[in-house]
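**Q** Build the complex: two chains, separate frames, hints provided.
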Amino acid sequence: MEPTAHFTKTALPGIGTRYDIDTEAGRHLSVVVHQDGRRILAFHDPEDDDNCRDAAPLDPSESLALAELLTPDPVGHLHQHLEIDLVTEHIPVTKRSPFAGRVLGSTQARTRTGASIVAVLRRTDAFPSPTPDFRFAIGDTLVVVGTREGVDAVADLIAGG
Amino acid sequence: MHDTTELLIELGAIILGLGILGRLAGRIGFSPIPLYLLAGLAFGHGGFLPLNASEEFIGTGAEIGVILLLLLLGLEYSASDLVTNLKTQYPSGIVDFVLNALPGAVCALILGWGPVAAVALAGVTWISSSGVIAKVLGDLGRLGNRETPVILGVLVIEDLAMALYLPIVTALLAGLSLSGASLTLVISLGTVGLVLYLALRHGRIISRMVSSDNPEMLLLVVLGLTVLVAGVAAELQVSAAVGAFLVGIALSGEVAEGAHNLLAPLRDLFAAVFFVFFGLSTDPADIPPVFFTALILALVTTCTKIATGFYAARRAGVKRAGRWRAGGTLVARGEFSIVIAGLAVGVEPRIGPLATAYVLILVILGPLTARWTEPLARKLLPHPKPRVEPEAAAAQTHADSTAAAN
Numbered sequence: 000m001e002p003t004a005h006f007t008k009t010a011l012p013g014i015g016t017r018y019d020i021d022t023e024a025g026r027h028l029s030v031v032v033h034q035d036g037r038r039i040l041a042f043h044d045p046e047d048d049d050n051c052r053d054a055a056p057l058d059p060s061e062s063l064a065l066a067e068l069l070t071p072d073p074v075g076h077l078h079q080h081l082e083i084d085l086v087t088e089h090i091p092v093t094k095r096s097p098f099a100g101r102v103l104g105s106t107q108a109r110t111r112t113g114a115s116i117v118a119v120l121r122r123t124d125a126f127p128s129p130t131p132d133f134r135f136a137i138g139d140t141l142v143v144v145g146t147r148e149g150v151d152a153v154a155d156l157i158a159g160g
Numbered sequence: 000m001h002d003t004t005e006l007l008i009e010l011g012a013i014i015l016g017l018g019i020l021g022r023l024a025g026r027i028g029f030s031p032i033p034l035y036l037l038a039g040l041a042f043g044h045g046g047f048l049p050l051n052a053s054e055e056f057i058g059t060g061a062e063i064g065v066i067l068l069l070l071l072l073g074l075e076y077s078a079s080d081l082v083t084n085l086k087t088q089y090p091s092g093i094v095d096f097v098l099n100a101l102p103g104a105v106c107a108l109i110l111g112w113g114p115v116a117a118v119a120l121a122g123v124t125w126i127s128s129s130g131v132i133a134k135v136l137g138d139l140g141r142l143g144n145r146e147t148p149v150i151l152g153v154l155v156i157e158d159l160a161m162a163l164y165l166p167i168v169t170a171l172l173a174g175l176s177l178s179g180a181s182l183t184l185v186i187s188l189g190t191v192g193l194v195l196y197l198a199l200r201h202g203r204i205i206s207r208m209v210s211s212d213n214p215e216m217l218l219l220v221v222l223g224l225t226v227l228v229a230g231v232a233a234e235l236q237v238s239a240a241v242g243a244f245l246v247g248i249a250l251s252g253e254v255a256e257g258a259h260n261l262l263a264p265l266r267d268l269f270a271a272v273f274f275v276f277f278g279l280s281t282d283p284a285d286i287p288p289v290f291f292t293a294l295i296l297a298l299v300t301t302c303t304k305i306a307t308g309f310y311a312a313r314r315a316g317v318k319r320a321g322r323w324r325a326g327g328t329l330v331a332r333g334e335f336s337i338v339i340a341g342l343a344v345g346v347e348p349r350i351g352p353l354a355t356a357y358v359l360i361l362v363i364l365g366p367l368t369a370r371w372t373e374p375l376a377r378k379l380l381p382h383p384k385p386r387v388e389p390e391a392a393a394a395q396t397h398a399d400s401t402a403a404a405n
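Chains as they are written, first to last, in numbering that gives the first Met the number 0: chain A, 0 to 160; chain B, 0 to 405.
Just chain B, same shape as in the assembly (with noise of 0.2 Å):
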């Protein structure tokens, strides 16, 4: 009895200290990831306010948490925008996984952690942060910019990569040998196919499946079948998160929508507490002595995205200025490098402390270099004469003479 008293109080303060903080980073229009981060910190472990008893029910809400954002954002596609993406952007992706993964492989190999940590530092590098980008894009009012659906673009295949990298990095944490890895890989190689099939041929039985006018069943069958299906996943080895996934991008249409709008603040509710878990998991003196080494690499990354961005918005034929302005906005990392890292830190403890401190760095830096990057290249940078076509000409010098009409 009394160990229940104890929960709902830390769980209550806990909850009600994440809203505070939540509206607090509303209120300087920041994402609220790296505060949620510092509250983990602040009661976990060796923070000033450690907690204990509730430490358990967190860790499963930190689970729910991780199924219920790969869900939501497999919400957020449908099969044929993964598909036509794939087709077009493949080389982005490419470029994006070389230039972003590799950095974090090295550092990690340097460090002498071993090939597994190496290939989970590598996903915490390369993975932009899907939610930090779309609000910047937002809030900078670039939504109707040439370079954004360019940005998108390799967000998308970032996250469909995902599909394809969270079962190796399970299969390799839980130290499977190399033939067993490789069937993990094939089982999920051929789930994603078969889910991408079905998705795009049969979307619409899957959906009236599981479609409801109810609210409240809607809601407990998409809950139910997603935590299941992510179970069986986690059962096979594939990563329960790939599952919950796969289950995204099955549903669409109406039902994706309806599913969206219904589990968005329970993702938010439970994501919250995912990244307090981390933060809980991981012991804040850890942090200082891996801070230099967190700074560089989040230098080198920053300028490896920018650098992915800018590749990307010259393949789409973007101007100079907006092939800045994609590579700056690709920088920030957030849910998904500390996903990787979750799993990851029962391996390598060591990674825990590297990507909060990482991904504090950049999810703080992201919205600043894609705010300032174009600008500063073009200071700094010697502009190259634009080539002045004669339509351009004539419709500068009419656009001259109606400020000056005015």
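Chain A extracted, bound-state conformation (with noise of 0.2 Å):
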């Protein structure tokens, strides 16, 4: 793990707390927090360090979303190595599909393809994890997922191929 860069803190009374990072590329900005949870991102002048020379106002929700973004996540390179290369597609039932109608279990599209049917989608209801009772209708979408080949049989097999 990285060590955690020096920040300076600074009293604005009245106003809130100011916290000001110098970076290794030699920029220095600083995060105001208001006493009423705004924070303003501002970046100095190189010219004039003394002064701001962008200032971005944001609000709660904005600086967690940031805040989630330049967060370095700790686990985010474990998944390229466990990356399985799972796809997940909407496949619709037609009047033309042999299941619609029938129940999901007759489809035995797990054992079949290896893919899994995780949800259906039917108007205005989602269904997720639906149990192997489930009876499809016309209209209705799966979510399947699974590897590339295992989803593309899985529309072939609700299709009727």
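These are computed hints drawn from the structure, not numbers from a lab. Some hints could be false.
Using 35 Å as the maximum straight-line C-alpha spacing, the simulated DSBU-like pairs for lysine-lysine come out as follows [as the list claims (entries may be wrong)]: (1) B:Lys318 to B:Lys134; (2) B:Lys318 to B:Lys86; (3) A:Lys8 to B:Lys378; (4) B:Lys318 to A:Lys94; (5) B:Lys86 to A:Lys8; (6) B:Lys86 to B:Lys134; (7) A:Lys94 to B:Lys378.
Stretches of chain B that chain A covers, calculated by requiring three or more beta carbons in the stretch to come under 8 Å of a beta carbon on chain A [claimed, not checked]: (8) 141 to 150; (9) 353 to 366.
We put the beta carbon where it would ideally sit given N, CA and C, even for glycine.
**A** Structure below.
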């Protein structure tokens, strides 16, 4: 783990607290934390370091989103090694499908293809984790997760191939 | 019955008018204070829309406005903020006092208004407007600047100094003898010290006693406590406003935050009423004769405030440009000049129009000097060749090469 960079803290009475950080690349950034939760991200002017060249006010939700983007994800790099190329696809149940009106179990999709039907979308509703006795209707959309080949096989199966 | 109806109609019209003015001010990005003052002038005696029925009601509202202004000011600072600032920035506070209070006092003496009015006018020219300045700093994106804590530090000291100054003025205006005035001063000094001590050492206990999860209870308890303390303080000749300020200081942490959020809209309403009331009690016809005096006083104290900011920023090791910015930012006067003038009007009525004109000028000029003092100083004054430090030069070349690469 990298050591944490050093920042200085200054009280701004009546407004909040300011944190300053000098980056390795020679830039000076400050974050003003307002008492009411707003934050301001300011970039200092390299020619006049007492002054801010630009300041971006952020509301709490925006600063949270920015913080998530900026946080070096401690498990992010693991994903690359564990990746097994799963894809998710939406597959419609048309009136030509042999499974329209039949239950999920009858497709034996997972046994045949290795891909799973993880949810069914029906007009206004969504049914997550449908059980084997879930009955398909024409117009349903199946959310299928699996390998590329597996998902394609389910698509063929549902379409009646 | 008829009176009540008239009162409702007038009051509704005034508040609605203020709302519209406030929106207008927001639209053009300006402080609404000058507009409220102008509205008060228009509604008052000699204005073109005189109102009578609601004057007493508005008078009470104005008093509550002052109490709430000071209470919320106290809530914004913790006792430790005040003590730290006092320790590090007291020389700037002294320079601020000497440079900016003196012109007011001298002006009053030249006009032949006597020593009491001199003390009051000194206060009018001394205290910058925390409200306007905090807003300007935010608007100009300068909260991250190095001179900003210095500016705020000066404001904190001014506000703390108000806790000593207001009782003195109140006592002097009440016509107390020297011994009476010094007794008041001792009482208020003792109270300020005691409250600071309690807030520093036992702030949690006070806050816990007042604390409540229910916003309604919190609002009633804080408001009731404040008005009660303000009343008792006024009874002791210590000035109601100072009592309110001390209640604000004594509350801290979550309670302060909650009370701040609950009371801020109330403060805005009653503060607006206060400015209108001040305008109401001033006859617009009295302003033109004093306008020239106000203008000169405004220009002189603009320069002295800039000098104050320059000095305070230099003490903090801010470079030249930042010193000019600090000076320009401090120029705005506003709510507290009016509060002080409002107290003094009873003794020296001529201070009302002068203070109105003075604040009108500086509340408009303040944001402009905040923006333009530094560019102007850069243009007009021969700039001393900046000492090029090797490290800075290296950083500069680096910045240049990145710029070129882009």
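**Q** Determine for every hint whether it applies to the structure shown.
**A** Evaluated hints:
no., hint, verdict
1, B:Lys318 to B:Lys134, "holds, 23 Å"
2, B:Lys318 to B:Lys86, "holds, 22 Å"
3, A:Lys8 to B:Lys378, "holds, 34 Å"
4, B:Lys318 to A:Lys94, "violated, 77 Å"
5, B:Lys86 to A:Lys8, "holds, 18 Å"
6, B:Lys86 to B:Lys134, "holds, 26 Å"
7, A:Lys94 to B:Lys378, "violated, 79 Å"
8, 141 to 150, "holds (count 8)"
9, 353 to 366, "violated (count 0)"
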